[in-house]
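Protein sequence lines correspond, in order, to chains A and B.
Taking the numbering used here, the leading residue of the first sequence gets 82, the next gets one more, and so forth.
Taking the numbering used here, the leading residue of the second sequence gets 17, the next gets one more, and so forth.
Just to be clear, a hint being listed does not mean it is correct.
Stated by the list, open to error - Derived Cβ-Cβ restraints for the label pairs, each shown as a range:
{"id": "1", "chain 1": "B", "residue 1": "L211", "chain 2": "A", "residue 2": "A138", "range": "52 to 62 Å"}
{"id": "2", "chain 1": "B", "residue 1": "A223", "chain 2": "A", "residue 2": "A138", "range": "42 to 52 Å"}
{"id": "3", "chain 1": "B", "residue 1": "P242", "chain 2": "A", "residue 2": "W111", "range": "49 to 59 Å"}
{"id": "4", "chain 1": "A", "residue 1": "T108", "chain 2": "B", "residue 2": "T177", "range": "49 to 59 Å"}
Please keep in mind that the hints were generated in silico from the structure rather than gathered at the bench.
Built from N, CA and C at the ideal position, the CB exists for glycine as well.
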Amino acid sequence: MSPHTPGTTAPGAASPGAAAHPATVRTRDWLVVAAAAIVALIALYAVFVDNGNLIPATGSYLHEFAHDGRHLFGAPCH
Amino acid sequence: MSVTTGPTPPSAPSRPTAPYPLLPLLGRGLAAGGLAGLLSGLFSLLLAEPLMDRAIRLEEQRSAAASHHGGHSHAAEAEELFSRGTQHLGLVVTAVVAGLALGVFFTLAHALVHRTAPQTGDRAWQRAMGLAGAGFLALSLLPALRYPANPPGVGDGGTVTERQALWLAALVIGVLGMVLARQVHLRLGAAGHGLPARQTGAALAVAATLAALFLLPDNPDPVPVPADLLWDFRVLSLASHVILWAVLGALFAAPALRRRRTPAPA
Chain A
82 MSPHTPGTTA PGAASPGAAA HPATVRTRDW LVVAAAAIVA LIALYAVFVD NGNLIPATGS
142 YLHEFAHDGR HLFGAPCH
Chain B
17 MSVTTGPTPP SAPSRPTAPY PLLPLLGRGL AAGGLAGLLS GLFSLLLAEP LMDRAIRLEE
77 QRSAAASHHG GHSHAAEAEE LFSRGTQHLG LVVTAVVAGL ALGVFFTLAH ALVHRTAPQT
137 GDRAWQRAMG LAGAGFLALS LLPALRYPAN PPGVGDGGTV TERQALWLAA LVIGVLGMVL
197 ARQVHLRLGA AGHGLPARQT GAALAVAATL AALFLLPDNP DPVPVPADLL WDFRVLSLAS
257 HVILWAVLGA LFAAPALRRR RTPAPA
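So that you can see chain B by itself, here it is in the shape it has in the complex:
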């Protein structure tokens, strides 16, 4: 083992002597996730909060008009607990918590899927970004296509349990769909098919997942919000998801790139 061929011990032909560094990677996943959540939260604080404040003012106007007819003012009751300023802070804290939690799941999924692969170089970057993309599809884009985010003022307290069940079902279907897409990709490869067939198969699995999501019942609530406000909010919601996943994947993979500067035998 004293051959001085190169600085990359993982290319040794026998079993790897060092185990997969799961705990250091967990630390890296937490750091990457926390920072990704913070960036995503600050982005939303700057761009999405003005929309949410506007949506809440519109909701107050609606309920003020309704209270003339004996309706109950849900906006006023919601505002008793926290000021809008505290809820703005809550948005950033929520994003950081979400980022930390997703960092843990990212690390776990990375270990399950990629623990046999080399942990350095461009391929390591590609794998981490691919996993981030899969996470975005499974937990963000596909569920959002079925149940798009709604600004404050949308959402009936009486249907919240039902909507939560539907949303959680959409998340589970999204994850199962990405597992299916990966299995199709791997099995087509094992059967000797080339990349076009494998990627087409994986794309069809994603399309089937989207179709399955539309078998779920519709969101039962009305959306009494101006269309421009609604869609600006939905686009910003998706943008904050994109930032979260992209930064998480990039920071998770970044140390692998730094190590690559040492010349590796190709």
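Chain A extracted, bound-state conformation:
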């Protein structure tokens, strides 16, 4: 167990200290963030990719509402 003093590690070189000194993350916290990441992926798909397949009832509405955002952020648009 070597002391992990902030300032002695080079930026991006956390590996030697990291192996000896892992910061714990609660499993529950990982699960919450994983769930949030899945929701975020679905949201990004809905806004930038979907053409009415995600919720068929919405038709082209989602696509047309996000139309300018798609063009601006470089997502393919019709």
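We have chain A already, so just place chain B on it with the hints.
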């Protein structure tokens, strides 16, 4: 543990007693991302929307000319659903959604990469801004160099599925490229090389990623837009990406800086 040496408990030599504060950081990532998206969206609303409106007027003129020859008017059909005003609002909403989602991924990546590092001080700022820079390269700049943004009026409905597959592939390659660059940087360091070699190696990994992106097929669509309008739009598109990532990284790191005012033992 009752030694009164300083106000920074994380410098205790044993295992950290407090776990990495992932959920508070998720909240911070969402707030930072949402605000970054809002600022980016408002920037685009002011500067990019006039260009998009002009591009749509040009598209209408083109399709009006084409309809004399029996072509179908795609611009008119697109405009039935929402007014331009609603689509302007949609731009800001889209930017906020993108910012919130990127805030989640930013928090996740930060936890995966930096959870063992101290969460305060200049280094914390440097790490957050470095991660924002990596995100910009992976998801914004590198894909944009291969498939630059196009204003309305560019884009054939018949090729949209193909273009989406290419774009998503470019995003995945961008992310993999940044993972590769980091691994090269870490492994060269572990092998005892100095910063010049490590940064050169990481830069070569980024260059290799860009080369890999150009192995993907070209965007199949023609670009019937005046060059000045096209490139003004592309520059503004990249600027809105820069604003999104820079504000996200800065707001994520800002609380760490505030805490630094208490004197830390160097």
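Hints, verified against the model:
1. Range check, L211(B) to A138(A): about 56 Å between beta-carbon atoms, so the 52 to 62 Å window is met.
2. Checked against the hint of 42 to 52 Å, the pair A223(B) and A138(A) passes, with Cβ atoms roughly 46 Å apart.
3. A beta carbon spacing of about 50 Å between P242(B) and W111(A) agrees with the range 49 to 59 Å that was offered as a hint.
4. One distance hint, 49 to 59 Å for the beta-carbon pair T108(A) and T177(B), is violated here, with the actual separation near 39 Å.
Hint check: a violation occurs at hint 4 only; the rest are consistent with the structure.
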